[in-house]
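J.: Could you put the whole structure together from the sequences, leaning on the hints where they help?
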Amino acid sequence: MTIHVASEAPTDSGVQRKAGSETLLSLRDLTIGYGSKIIQKNISMDVKRGSIFAIMGGSGCGKSTVLRTMIGLLRPLAGRYTVDGDDYWSGPDSHRTALNRRFGVLFQSGALWSSMTVGENIALPLEMFTRLDKDMIRRLVELKLGLVGMSHAIDLYPSEISGGMAKRAGLARAMALDPDVLFFDEPSAGLDPITSARLDDLILTLRDGLGATIVIVSHELSSLFTIADDGIFLDAQTKIPIAHGAPRDLRDHCQDPQVHAFMHRENPTDPTPPPTVRKDTNTHG
Amino acid sequence: MTNDPSHIPASVGDKQDERPTWTVEQSGADAILVVRGHWTIDDGAVLAIPDRTLPVAPSGAGRSAPTLHVNVRDLGQWDSSLVSFLWTTKQAAAKNGLTFDTSSLPVEVARLFALLPAAPTEPAPPSSRQPNILAVTGGAALGMVDEIGAVVELGAQTAQGSLRALAGHGGMRLRDLMANIFDAGPSALIIVSVVNFLIGAILAFVGAVQLSKFAADAYVANLVGIACVRELSAVMTAIIMAGRTGGAYAARISTMLGNEEIDALRVFGIPISSYILLPSVLSLMLMMPLLYLYGCVVSMIGGYVVCAGMLPDVTGAGYIHQMLGAVNVQQFEFGFAKSIVFAVLIGLTSCRIGLKAGRSAADVGSAATSAVVTGIVGVIALDAIFAVIADVIGI
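As you go down the protein sequences, you meet chains D and S in turn. 230 is the number that my numbering gives to position 230 of the first sequence; each next residue is one higher, with no gaps. 1371 is the number that my numbering gives to position 371 of the second sequence; each next residue is one higher, with no gaps.
Bear in mind the hints are in silico, worked out from the structure with no lab data behind them. Don't take each hint at face value.
[Claimed, not checked] Result set (SDA-like, lysine to any residue): computed pairs, CA atoms no more than 20 angstroms apart in a straight line:
| # | chain 1 | residue 1 | chain 2 | residue 2 |
| --- | --- | --- | --- | --- |
| 1 | S | K1356 | D | K134 |
| 2 | S | K1356 | S | A1337 |
| 3 | D | K37 | S | D1176 |
| 4 | D | K134 | S | D1176 |
| 5 | D | K134 | S | L1174 |
| 6 | S | K1356 | S | I1340 |
| 7 | D | K134 | S | G1168 |
| 8 | D | K37 | S | R1359 |
| 9 | D | K134 | S | A1165 |
| 10 | D | K134 | S | R1173 |
| 11 | S | K1356 | D | L73 |
| 12 | D | K134 | S | I1270 |
| 13 | S | K1356 | D | R75 |
T.: Take a look at the structure:
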């Protein structure tokens, strides 16, 4: 848990946004896949404490699969993944469950438990893993929902709220236990640009406020340029990471044609300009 | 060369000037394809050019390939019908050794055309591997053993979850249990009543017809009572619950899987056994025996209605008297125990099927179907095993 000491000098958010130098999550030569099907190999990356780390790449390159490995849903085929120096995938399930207590995950669809109200969704982890009484839990649930601007939805069921609201509620649930690390799987997917920009602001504010480290899987460029300090770029064809660095730096300096095309929204497979044509014959009705 | 009039679709015959037509004209070494009229799908015109209509490039070294130009001066409205025609023409031209010149096409057509490959990609040939009968049966048998193991493991986890719940920490939510109990119990009363009433009535009717041949009409009550209490009420109730509740569990769990709800539980470290399996299995275990007892009573009433109302030689009072003599507590115990086992079977298999389903909408459907089928077959197979056991130990 990140514990704020009351006497700590107030920090300017701009200063605090700079990533620390201490590595929190570390992947070394990780190979991921299902059975004999390899999805990505040779993934090595270090997520610094307090940074926002982006896992980037085109559709189907295995970004979300890397995330699933990092949160304990898919065992890697090879390699090592450590959380604060602790080997994540060694030991029994209870070892991972204990480490997962430090994680919060926002799934792509929000993944709210549909049989419970929004408030109960956030309360459940608190009921499971803390000794707080009902009133305290209620106050915490109201706080987390207030932070994401969803106080009004506390007694609604997931089926009664919109996709953007479900995502915000999912974010509130991910923060329920004040995690050290927040994982976001495509937070902007399916959201309109304004809601998506608000979510970016919210992520930054929460990171600064709660001091969490954030790992974000996304291909939403504008968000990535705004919020990410560091990142890795996965390639679907070669099945290996082809670039490391902050998305802003990759955009400005990376020479790799795939990365360049991605960062500048170009179509690398379109070498021919549109044919020169006679316009006057067009009677397309 | 002019195209054959039979290329003109009949549906546009009345709009002579608008119908889609094409001709191929020779111009020196090159050829010109002239398209006229409206080329739209609504006019029923998705034409293809026969190979033989296009000139063939003369073979011989040192000569550049002749070009096929397109003339669209008289083209009316168009949609993908025209693009399709031009694409087939391009393929035919390539076969005949001609270069297809797209420079004079309307700009939108040219843009669409640029997206298309030279020819449709050949689909990958279907896997020609012959299924090996030994491999298939062996795989199925191993898979079945695997599944039995998985269901037993789920059962163990559920038992563990119930111990945790009893110990008072990390247990299930009481509200989930109550909701499941309502779904598995009171909501099923009507269908359980209808089915058991009819089973009792049918048995009484069929039995009376046969027994009256031996002047043993009074034994209709024994037939209805013993058949329903020992076998039919338990089995029919279980089959109803497999169809109703088992299918619903599998569909619900596989939908949760698709919504990443199960992943969210796993990441939080919230045991699935406590939050999904236990309320599901426990509610069935609590409700099925009660439904069984209720079903027994209703089926006896069904028999009574037939005897009292339709059979001339059996009175209602006689039926009740005979019934009380025929059915004893031991038979109820047997049926009661069976219905608890059926409940566990239906609960665990349907949850297991839901948990291992895929994540698409079709997977939800097949999970529900598979849960119902497995439940029904499992119940009947287990009942047969119970019958043998009862025979051996002499109940």
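J.: Hint check: K1356(S) vs I1340(S), CA-CA at most 20 angstroms. Holds or violated?
T.: 24 angstroms, violated
J.: Has the given pair, K1356(S) with K134(D), been kept, meaning a C-alpha gap of at most 20 angstroms?
T.: This hinted pair is violated, its Cα atoms lying about 35 angstroms apart.
J.: Given the proposed pairing of K134(D) with I1270(S), does the C-alpha separation stay at or below 20 angstroms?
T.: 19 angstroms, holds
J.: Under the criterion that the straight-line Cα-Cα distance not exceed 20 angstroms, is the pair K134(D), G1168(S) satisfied?
T.: Holds: K134(D) and G1168(S) sit about 16 angstroms apart, inside 20 angstroms.
J.: Given the hinted pair K134(D) and R1173(S), is their alpha-carbon gap at most 20 angstroms?
T.: At roughly 14 angstroms apart (the allowed maximum being 20 angstroms), R1173(S) and K134(D) satisfy the hint.
J.: What's the verdict on K1356(S) and L73(D), does the C-alpha distance respect the 20 angstroms limit or exceed it?
T.: Roughly 14 angstroms between the alpha carbons, so the hint for K1356(S) and L73(D) holds.
J.: Within 20 angstroms, alpha carbon to alpha carbon, are K37(D) and D1176(S)?
T.: 39 angstroms, violated
J.: Measure nothing beyond the straight line between the CA atoms of K37(D) and R1359(S); if it is 20 angstroms or shorter, mark the hint as holding.
T.: 19 angstroms, holds
J.: Holds or violated: are the alpha carbons of K1356(S) and R75(D) at most 20 angstroms from each other?
T.: Judged against 20 angstroms, a Cα distance of about 17 angstroms means the pair holds.
J.: Taking only the CA atoms, is the gap from K134(D) to A1165(S) under or equal to 20 angstroms?
T.: 18 angstroms, holds
J.: Measure nothing beyond the straight line between the CA atoms of K1356(S) and A1337(S); if it is 20 angstroms or shorter, mark the hint as holding.
T.: Not OK: K1356(S) and A1337(S) at ~29 angstroms, beyond 20 angstroms, violated.
J.: Under the criterion that the straight-line Cα-Cα distance not exceed 20 angstroms, is the pair K134(D), D1176(S) satisfied?
T.: Measuring from Cα to Cα gives roughly 18 angstroms; hence the hint holds.
Checked against the numbered hints given earlier, this structure breaks hints 1, 2, 3 and 6; the rest are met.
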